[in-house]
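Residue numbers (our numbering), protein chains in the order written: chain B, 1 to 184; chain C, 185 to 368.
Careful: at least some of the hints might be erroneous.
[Claimed, not checked] 16 Å max Cα-Cα, derived EDC-like pairs, lysine to aspartate or glutamate: (1) K35/B x E257/C; (2) K219/C x E73/B; (3) K231/C x D320/C; (4) K35/B x E254/C; (5) K219/C x E257/C; (6) K219/C x E32/B; (7) K47/B x E137/B; (8) K231/C x D318/C; (9) K35/B x E73/B; (10) K219/C x E70/B; (11) K47/B x D134/B; (12) K231/C x E321/C; (13) K47/B x D136/B; (14) K35/B x E70/B; (15) K35/B x E216/C.
No wet-lab data here; the hints were simulated from the structure.
Bear in mind the structure is a predicted one, so any value in this text is a computation, not a measurement.
Protein chains: 2
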Amino acid sequence: MSAGTTNFVRRVPAGEDRERLTCADCGFVAYENPKVVTGSVVAQDGKVLLCRRAIEPRRGFWTIPAGYMELGETVEEAARREAFEEACAEIAIEGVLAIYSIARIGQVQVLFRAHLATPGIAAGEESLEVRFFDWDEIPWDDLAFPSVHWVLRAWREAGAGPLGAPATNPPEDRRGVHAPGGAA
Amino acid sequence: MSAGTTNFVRRVPAGEDRERLTCADCGFVAYENPKVVTGSVVAQDGKVLLCRRAIEPRRGFWTIPAGYMELGETVEEAARREAFEEACAEIAIEGVLAIYSIARIGQVQVLFRAHLATPGIAAGEESLEVRFFDWDEIPWDDLAFPSVHWVLRAWREAGAGPLGAPATNPPEDRRGVHAPGGAA
Chain B
1 MSAGTTNFVR RVPAGEDRER LTCADCGFVA YENPKVVTGS VVAQDGKVLL
51 CRRAIEPRRG FWTIPAGYME LGETVEEAAR REAFEEACAE IAIEGVLAIY
101 SIARIGQVQV LFRAHLATPG IAAGEESLEV RFFDWDEIPW DDLAFPSVHW
151 VLRAWREAGA GPLGAPATNP PEDRRGVHAP GGAA
Chain C
185 MSAGTTNFVR RVPAGEDRER LTCADCGFVA YENPKVVTGS VVAQDGKVLL
235 CRRAIEPRRG FWTIPAGYME LGETVEEAAR REAFEEACAE IAIEGVLAIY
285 SIARIGQVQV LFRAHLATPG IAAGEESLEV RFFDWDEIPW DDLAFPSVHW
335 VLRAWREAGA GPLGAPATNP PEDRRGVHAP GGAA
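Let's have the full structure, built from the sequences with the hints guiding it.
Here's what the structure looks like:
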């Protein structure tokens, strides 16, 4: 929220059951919904593409190409756009690798497995550098976000064959985990 | 957007590359992002739970229990909440059945397969009636939205065993379809 000089208050609008961020001056209700982050584990010859962030948060740390979906695009289009913006990579999406909920910060992450559709990568404006890493070279201590750890492990576990059910939040983040056969 | 008496204009904020809805009076930038709809195909003895909508849009038509995610919840929590609100159903989520992008209206739908965790359903405030339908009884001509058709077919195709890769937008809605092995 880039509220700046605005005068927002929390109020329950007529006909609703919970407080919404409302401008006390003009009455505008700013619905705050979770945002969709989408991105891809882009693999080539068993290596994965990582980007060193040129922007905050976590400037200087490594991540997969990913970012917020914009209106008017599909999740797949958004993932391809992010790969192009951050790594000048034209990717082909293979399928959904993981869906994570980061409830604390209002995010849903839809992460794909992909490969390069055309050769070549280069640092985009939001990246300091981009490169492919062998599994053993991945800079685990310098990854930008927990979900980058999660999805890289999910990619490794999925192997190179057909994708199965997408990964969900891992055991160390129990809240989002499914409980097959029983209520969570 | 329930703008009411506000004075919003489209402007490119400093440091951004596209127009954002901005209040000309107070400068508030209302970021418009896609919203996440989450819901479930809830099955029991091979039948699926449908709810006849008591609210617009599509009042009187049938849908699966589904709705917009709220801040502070995971997608799974949101799907369980919607099933409870619309059908007084306590559900257990089995896994992700489908992910659809409805770019035209800025929606991403994350839809689960589920079953009742405790017996019993009843119409919630947003439903006129709720019931389980055999496949051959489903009121196809009175379904509320195209994605209800899509996900019911995806459920049928998935069978009752372990879930595989989630369904994505079907051929009649080509734009969101993956193109494995090539750029879409």
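Quick check: which numbered hints come out false for this structure?
Per hint list: zero violations.
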